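Protein chains: 2
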Amino acid sequence: MNKPDIFNNIRVVLCQTSHPGNIGSAARAMKTMGLRHLYLVNPLHFPDAQATSLATGAADLLESATVCSSLPEALTGCVLAIGMSARKRQISHELVNVREAASRAVTIAAHQPIALVFGTEMSGLSNAELDCCQLLAMIPANPEYTSLNLAAAVQVMSYEIRMAAPDGASTVSATPTELATNEALEGFYAHLEDTLIKIGYLNPGAPKKLSERIRRIYARARLEKEEVNLLRGILTLSVTPKKHTKY
Amino acid sequence: MNKPDIFNNIRVVLCQTSHPGNIGSAARAMKTMGLRHLYLVNPLHFPDAQATSLATGAADLLESATVCSSLPEALTGCVLAIGMSARKRQISHELVNVREAASRAVTIAAHQPIALVFGTEMSGLSNAELDCCQLLAMIPANPEYTSLNLAAAVQVMSYEIRMAAPDGASTVSATPTELATNEALEGFYAHLEDTLIKIGYLNPGAPKKLSERIRRIYARARLEKEEVNLLRGILTLSVTPKKHTKY
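Order-wise, the sequence lines are chains F and R.
When the letters of the first sequence are read in order and numbered with the working numbering, they come out as residues 3 to 249.
When the letters of the second sequence are read in order and numbered with the working numbering, they come out as residues 3 to 249.
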């Protein structure tokens, strides 16, 4: 099953959210990570202009959000509900960090719907709400200040879901550049050494150690083909500066 | 070195932030993950009541924030600047995802200061700002909607830093080499540009593009302090070769 299908099986449930702005910011956070199914259990204000404003380009998630009157209603059809917890609780739920939780969520969402459940801004999930969940997930935080904003918590969890999803969501690749071949590099190093000798930097009798140090610098840079040409152009001018230069 | 010490070597730099609320939310995001050094480069409004309001319990980070008039000033003393990028750029900076970037950041921050650099809400980091960075980090996102809120991006990056930091003092790291500071690098770049103009390689009227390409080569190499000295020695001889050389 591919990534869009997995994401289609994941819903974010916000319980009794007080500030409509947080609903909008949470929608934006979800959409940046590819999640799109938002469920709202008894939101204090919804729909609301502030929610729409903070959602920016994710207002479509608010329009398609499902408003429910109870958490069980929001969990209809789900085979796993993961409750987010900011603190350790005196309960017997299994508690894992969000990375582990995301990994399990994605595995199951490949086949069946699951829910990520967030409590109120002030006190998180109630015990009754936790009883509707099968797993608790915690975002590791500074023990002296654990107060993540609701939308920030949604952002971190959604991010971990994207990172856990297959199909390389977690990998980043830049447009491939053409790296220099080994021969091109050796040609450059020889040109460089010759130049350093000509300008009196290297002693041709014992250049080894210094040459090695310089080679290491360029080895770490992983030079592209074009960059080798550029550097060799500099070397050529170091020995014979342009005749016509006015500088 | 333990986690608090690593965090003491990590600064978050926000460039030209437009909305003071985002500065406050970013401070809150940082503090939840244990980061505390905030640098602001030319913030549009700061200090500001909205920043303080959104920081909630992290207002102390705003009070101790360092306001700078340029990015190089904010990077003083840092040996690695990681620029956050929301999109793939047509440049040859090394680009990794935030998880990999956090891992590298933490390794270096165990010994020397590093910076996480965030651009404006609307357009991210400028090319000139990127030139001050040695590594680009990207948060994997929904290709159809990559628009993370600034504070959300700070939250994800800070979270990855916390996840990457070792928990105890039991970790072993290789003997660290002393990396060049930002000031040393800038001194080298200025020397290099001056030399390239003198040998007729760069046109002082329009050196920009070529200088940038050369800077990126050395940015990728993550130069050590000693290597900068070595390279500057070569530059000096490129302009005035040793009189007594026989070669």
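Treat the hints as calculated values from the structure; they're not laboratory data.
Worth double-checking, as some hints may not be accurate.
[Said to hold, decoys possible] The list that follows gives simulated cross-link-like pairs (lysine-lysine, DSS-like), each with its CA atoms no further than 27 Å apart:
#1 R:Lys200 <-> F:Lys200
#2 R:Lys227 <-> F:Lys211
#3 F:Lys227 <-> F:Lys210
#4 R:Lys227 <-> R:Lys210
#5 F:Lys200 <-> F:Lys211
#6 F:Lys211 <-> R:Lys210
#7 R:Lys210 <-> F:Lys210
#8 F:Lys211 <-> F:Lys227
#9 F:Lys227 <-> F:Lys200
#10 F:Lys210 <-> F:Lys200
#11 R:Lys227 <-> R:Lys211
#12 R:Lys200 <-> R:Lys210
#13 R:Lys211 <-> F:Lys211
#14 F:Lys227 <-> R:Lys200
#15 R:Lys200 <-> R:Lys211
#16 F:Lys210 <-> R:Lys211
#17 R:Lys200 <-> R:Lys227
What you are looking at is a predicted structure, and each value in this text was computed from that prediction instead of being measured.
Go through the numbered hints given earlier and state which of them the structure violates, listing their numbers in rising order.
-> Violated hints: 6, 7, 13 and 16; rest satisfied.
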